[in-house]
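Protein chains in written order, with the numbering used here: chain A, 225 to 546; chain B, 8 to 293; chain C, 2 to 314.
For the record, the hints were derived by calculation from the structure and aren't laboratory data.
Among the clues, some could well be false.
Unchecked claim - Covered by chain C, according to a simulated footprint, are these stretches of chain A (three or more residues, beta-carbon under 8 Å):
#, stretch
1, 306-317
2, 324-330
Said to hold, decoys possible - Residues of chain B clear of chain C, computed beta-carbon distances all greater than 12 Å:
#, residue
3, Ser70
4, Leu202
5, Ile210
As the list claims (entries may be wrong) - In silico negatives: residues of chain C with every beta carbon more than 12 Å from chain B:
#, residue
6, Lys45
7, Ala46
8, Val50
9, Ala53
10, Trp69
11, Leu114
12, Gly171
13, Gln175
Glycine residues also receive a C-beta, built at the ideal position from the N, C-alpha and C atoms.
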Amino acid sequence: MENILEVRNLKMYYCGRRETVRAVDDVSFSVRAGETFGIVGESGCGKSTVCRTLVQMQPAPGKILGGQVIYRGKDLTSLSEKEVRAYRGTEIGMIFQNPMTSLNPVMKIRDQIFESLKGRGLTKKEMLDQAVSLLRLVDIPDPEKRVSEYVHQFSGGMRQRAMIAITLAARPKLLIADEPTTALDVTIQNQIISLIARLKKELGMSVIVITHDLGVVNEMCSRVAVMYAGRIVETAATRELFDSPAHPYTKGLIASLPRGDGSGDSLKPIPGAPPSLAGEFPGCAFADRCPHATDRCRTERPELRPAGPEHFAACHLTGGNA
Amino acid sequence: MSDHNAAVTRPARRKSLFIPRSISLTCGLIVLAIVVVVALFPGIFTHYDPTLTDPMSMLKAPSAAHWFGTDNYGRDIFARVIYGTRIDILIGVGCVIVPFIFGSLMGLFAGYYGGKVDAVIMRILDVFMAFPFLVMVIAIVAILGSGIRNMLIAMWVVGWKEYARLVRSEVLVARQSEYVQAAKTMGYSELRVILRHIMPNVISSAIIYGASDIVMCMGTAASLSYLGIGVKPPTPEWGAIINEGKAFIQTAWWITVIPGAVLAFVGWGFSMLGDGLSDLLRADGQ
Amino acid sequence: MEKLNYILKRILQMIPVFLIALILVFALVHLLPGDTALAVLGAKAKPEVIAAYRAKMGLDKPLIVQFWYYVKSLLRLDLGTSTQYNMPVLDLLLSRFQVTALLTLMATFFTVLIGLPLGYLAGAKKDRAADQGIRALALLGLSLPTFWVGLMLMLIFGVRLRWFSISGWGKTWQDHFRGLILPAVTQALFAASVIIRNVRNNVVDVRSADYVDYARSKGLPPGRIASMHILRNAMIPTVTLLSIRIISMLGGTVVVENIYSLQGMGALLVGAVEHRDYAVVQGTVLVFILLVLFINLVTDIIYSILDPRITLD
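Put together the whole structure using the sequences plus the hints.
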């Protein structure tokens with residue numbers, strides 16, 4: 225299958241006057257057409273930032289210092305702000321974590337959908353019809369009425385559906401869902417997950433899901449990348465990752481998942497906290513929290529190496545002996 | 008969302024905010040110090056008598072002998088401005104201190120007790136809000152007659168409402184907070200809860216407003232004197248000096264321009280002080 | 002329909018406020034030391050005039066009855082007679098109203114014209130040179146005493162440069178307009194400084210809002226993001242502040258009309274206070290109160306249009 229997106233050695237640093245923060249450090253991954261790709265990691269690991277950087281939306285004072293973002297054969301990092309804007313929304317659409325704060329509180333849902341429809345030469349009537357059918361597509365009941373309402377009049381799950389509808393109005397080929405279920409009730413989380421899965425199939429999109437929740441990855445993604453401290457430490461097919469995790473951090477993440485088998489002692493948090501991304505650190509960023517760390521881990525940075533079929537891990541201890 | 012912000016914004020922000028904050032505060036404190044010294048010891052800055060008329064040197068432009076020139080009675084403007092400092096500052100502070108205390112207490116009671124107390128105080132506020140500030144001051148002066156004392160009373164009657172509104176809204180927030188709930192659970196008396204636990208936490212916004220209010224009150228007092236219903240001549244108050252110079256604005260600009268510039272300078276200092284305090288207290292409060 | 006209910010409810014809420022304000026205006030005259038009739042009509046008034054006034058206002062009756070008489074005469078649009086001008090207060094007010102209303106409207110226009118763009122610019126360029134400069138200017142604007150600014154603008158642009166007329170109101174609309182520019186700018190400088198600081202801080206807050214990020218991710222052009230997503234939301238808190246400033250500028254006409262020799266209600270009030278023309282003081286204050294209530298009502302309506310989250314409470 226062809227890749228819709230290929231990220232190669234992407235580096236995005238925050239260049240402050242005092243220090244440099246390596247928010248995205250040498251990140252490579254690819255997303256195949258029609259698949260759902262997961263990026264998983266703790267908050268602050270840079271997973272949202274990577275995806276914003278794809279369309280040059282990294283927060284100030286962030287700068288792309290290297291690497292390429294090849295989207296359908298075009299390197300997005302080489303484009304000007306004006307040129308890359310043509311890709312935002314219409315090619316690569318995003319939905320955010322908190323729909324309450326991510327939708328404009330003073331614009332009707334209708335008008336926020338219209339913004340995505342503009343430039344397609346539709347009449348007002350056609351745009352309204354489109355907006356209503358989009359709300360129907362995302363299972364919002366009574367769409368003719370709700371289309372003229374404001375976000376504060378929607379419930380939590382409906383808000384997320386509305387945001388999905390607004391994003392889909394521009395017909396993106398790649399949808400980036402940034403923690404799409406984190407702000408929602410558990411029962412509604414599953415509805416949104418299956419909605420995204422359904423829409424992906426119906427509209428033939430590719431999807432990147434950003435999450436801290438391995439459960440979401442398990443349900444949605446065919447392949448997944450694990451991020452830690454601004455770098456990808458492991459990438460594999462989802463099944464492979466759960467069955468034979470190669471990086472100690474991934475193992476820790478999986479071990480910290482509550483299991484359904486009722487054994488109370490299986491829930492093991494990873495000790496310690498992620499390192500600061502400011503400044504240089506020569507070795508493996510996970511070394512301080514890793515139970516297997518050696519001197520080599522603290523002085524030499526591990527590169528991504530094969531750890532199985534289409535499976536890569538950045539750890540000195542994998543590749544043969546782990 | 009929080010994901011990318013958390014790691015990043017902090018180092019960049021600290022730098023850009025800290026320096027302007029201390030600049031405002033420093034400038035404000037310097038102006039305040041100058042003003043206090045001038046108000047306390049006007050005699051060391053000039054040997055002229057601010058009310059002594061001199062027919063030989065009427066309407067003289069600024070010179071080495073008369074730094075700010077003289078007025079139509081030959082009085083030294085510099086001396087009048089220097090001696091006026093005390094009066095203007097006293098008026099400014101005097102206009103603020105009473106509304107500050109009374110308004111803050113009203114806001115405290117309204118916010119803390121809520122219900123009927125709040126409703127009554129808020130309705131009174133509504134009525135006071137229905138009068139434009141200067142119109143109400145002038146209406147009160149109309150009843151009481153002009154002069155410094157009546158002007159002060161008028162400004163007191165009008166000035167407290169902003170403090171009440173500010174403090175009330177802060178109390179509404181503080182009342183729900185854990186430390187107040189804790190103090191209540193401990194069985195402290197209401198007065199103690201209000202004064203010891205709520206007051207210190209809500210008063211900072213009133214203090215910040217007070218600093219800028221001094222500027223506005225000095226301006227208002229000066230404009231009343233300018234209208235001839237505040238401080239009466241020959242008292243050397245800045246607004247009154249400007250009022251007296253108005254008739255000569257085309258020939259002797261210095262009588263109106265310089266005292267006003269001094270008033271602006273002091274006002275600027277207090278505004279800087281207010282801004283600096285605002286950054287400082289808000290940062291510490293969080 | 003819901004909007005109309007909201008407006009009606011706001012009007013109903015204003016009625017008690019207006020009644021209490023009316024009592025205060027009534028008390029204005031009745032708190033005066035000595036004989037009310039003498040105080041209102043002046044010591045030179047003829048005995049029969051005083052007797053007629055006593056009878057008309059019911060000065061020998063209890064205060065509550067006197068208040069009722071006062072309200073009744075107000076309902077007949079009888080605001081009394083000016084001792085200073087010797088004409089009905091209503092006619093006097095009608096002839097002065099236009100100047101004050103136009104002056105305040107123009108001052109409001111300048112306030113928005115200066116305050117909104119500069120505030121937006123400062124917020125958009127947070128901590129950069131433009132921001133620092135605009136904030137310094139705004140702080141200066143807050144510090145300058147308005148009456149002195151008025152004198153200085155008159156001295157520079159009226160007397161020295163002769164760009165604007167300082168001879169007051171004039172005869173034609175062009176004269177009115179030219180005569181009002183300097184006083185309106187005088188009023189607007191302080192208010193605009195307040196607005197600049199407020200808009201700037203709101204823009205800084207709104208720019209980091211999630212919905213602005215989301216709008217960018219939709220690929221919207223910067224102009225659209227600035228207007229519909231940033232400014233539209235940043236303006237909401239400013240509306241209330243602006244109405245407070247407009248009311249304050251209404252009061253400021255008292256000073257500014259005096260400086261520029263404009264024959265408006267502000268100058269009328271000061272003159273009436275000086276000449277102890279109490280019927281005029283009462284009438285002027287009453288019109289000012291009505292104007293304030295009107296401004297508050299318009300503000301509420303605008304606010305409810307700008308912010309759909311506003312509810313009836």
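Open item on the list: Which constraints among the numbered hints does this structure fail? Numbers only, ascending.
Closed with: none
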